[in-house]
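Q: One-letter residues, chain by chain:
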Amino acid sequence: MAEIDRARIGVWGPEGTMRVELGKIREFAKAVKDPNPVYADEAACVAPPTFLMTVAHWVGDLGATRSAVKLDYRRLLHGEQEFEYLAPIRPGDVLTFRSRTKEVFEKAGKRGGKMLFVIGETEYRNQRGTVVAYTRSTVIETADAVRA
Amino acid sequence: MATRSYEDVVEGQELPPFVVERLTRTDLVRYAGASGDFNPIHHDEELARAAGNPTVFGHGMLTAGFVAKCVTDFVGPASLRRYKVRFANRVWPGDTITCRGRVTRKYEEAGEGRIDGEVVATTQRGDVAVTGTFTAGLPRRGS
Chain B
133 MAEIDRARIG
143 VWGPEGTMRV
153 ELGKIREFAK
163 AVKDPNPVYA
173 DEAACVAPPT
183 FLMTVAHWVG
193 DLGATRSAVK
203 LDYRRLLHGE
213 QEFEYLAPIR
223 PGDVLTFRSR
233 TKEVFEKAGK
243 RGGKMLFVIG
253 ETEYRNQRGT
263 VVAYTRSTVI
273 ETADAVRA
Chain R
23 MATRSYEDVV
33 EGQELPPFVV
43 ERLTRTDLVR
53 YAGASGDFNP
63 IHHDEELARA
73 AGNPTVFGHG
83 MLTAGFVAKC
93 VTDFVGPASL
103 RRYKVRFANR
113 VWPGDTITCR
123 GRVTRKYEEA
133 GEGRIDGEVV
143 ATTQRGDVAV
153 TGTFTAGLPR
163 RGS
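Chains as they are written, first to last, in the working numbering: chain B, 133 to 280; chain R, 23 to 165.
What the hints contain is simulated information worked out from the structure, not anything from laboratory work. All values derive from a computational prediction rather than experimental measurement. A portion of the hints provided could be inaccurate.
Chain R stretches covered by chain B per the calculated footprint, using a threshold of three residues with CB under 8 Å from any CB of chain B [stated by the list, open to error]:
1. 48-59
2. 85-95
3. 99-109
The list that follows gives simulated cross-link-like pairs (lysine to any residue, SDA-like), each with its CA atoms no further than 25 Å apart [to be verified]:
4. 128/R with 214/B
5. 106/R with 212/B
6. 106/R with 120/R
7. 165/B with 54/R
8. 106/R with 27/R
9. 106/R with 159/B
10. 106/R with 139/B
11. 165/B with 61/R
Cβ coordinates follow ideal geometry from the N, Cα and C atoms, glycine included.
Kindly produce the complete structure, drawing on both the sequences and the hints.
A: Written out as structure tokens, the structure is:
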């Protein structure tokens, strides 16, 4: 089972930075099969809705920055993902991000045993200090190993 | 691309569907590279089988990306204020994924005209892969 350090819930982890590049946006848009020409237009471009998932390139494992919960990765499911957009993200922006465990709670599983829900939140600020987005992921640690 | 205006949307309106025909393993590899999500269960056939899967399967966020395209084709990428998805069933190479959406509410908030909508991605088997909701802030006609 997961080890939970309740005192660290809500505490932000260390900051990282990512530069938003037009080429990366084009590559990402192609991967989600979106030919919208705005993603190739330096002046008009805004990042696609799920582009912030590319932060994975720059942190490796976001979980490592959320020190409140040590999860058992053999029992982990990605349950939900939320994006809140507060200002446009454009090519040339340099985003500073930080992450925290926002909430941890348990629910009874369908086949008995407890399921642990962990909501992680990441905040993104641009080079002007404006918070441009939050992403929130819900990961679920199941009572049993995840079966196919 | 012109952004749709608030006046041009009605509650209950359906978003034009977006269909991805026959997902390929190359699609999964391309998304792994683009997103940085290199969990090998999405590209390493041997590892996927050893973990008890018939083969590799799609990243939940890849399907969520297809659904997001369906939404931004309707509202424009700069209009999106919130997007939330829940992962239900997995998608497999060869699957055809259909993304649909519907406007559920029209209202004023934060000084702009907003719409809420619900979205869903289903496979050719009728399985729901992803469900979700979105909020967009649309410009006024002529503004």
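Q: Give a verdict on every hint.
A: Structure-based check of each hint:
no., hint, in the structure
1, 48-59, "holds (count 8)"
2, 85-95, "holds (count 8)"
3, 99-109, "holds (count 10)"
4, 128/R with 214/B, "holds (21 Å)"
5, 106/R with 212/B, "holds (7 Å)"
6, 106/R with 120/R, "holds (18 Å)"
7, 165/B with 54/R, "holds (14 Å)"
8, 106/R with 27/R, "holds (22 Å)"
9, 106/R with 159/B, "holds (23 Å)"
10, 106/R with 139/B, "violated (28 Å)"
11, 165/B with 61/R, "holds (21 Å)"
Consistency note: the structure conflicts with earlier hint 10 alone.
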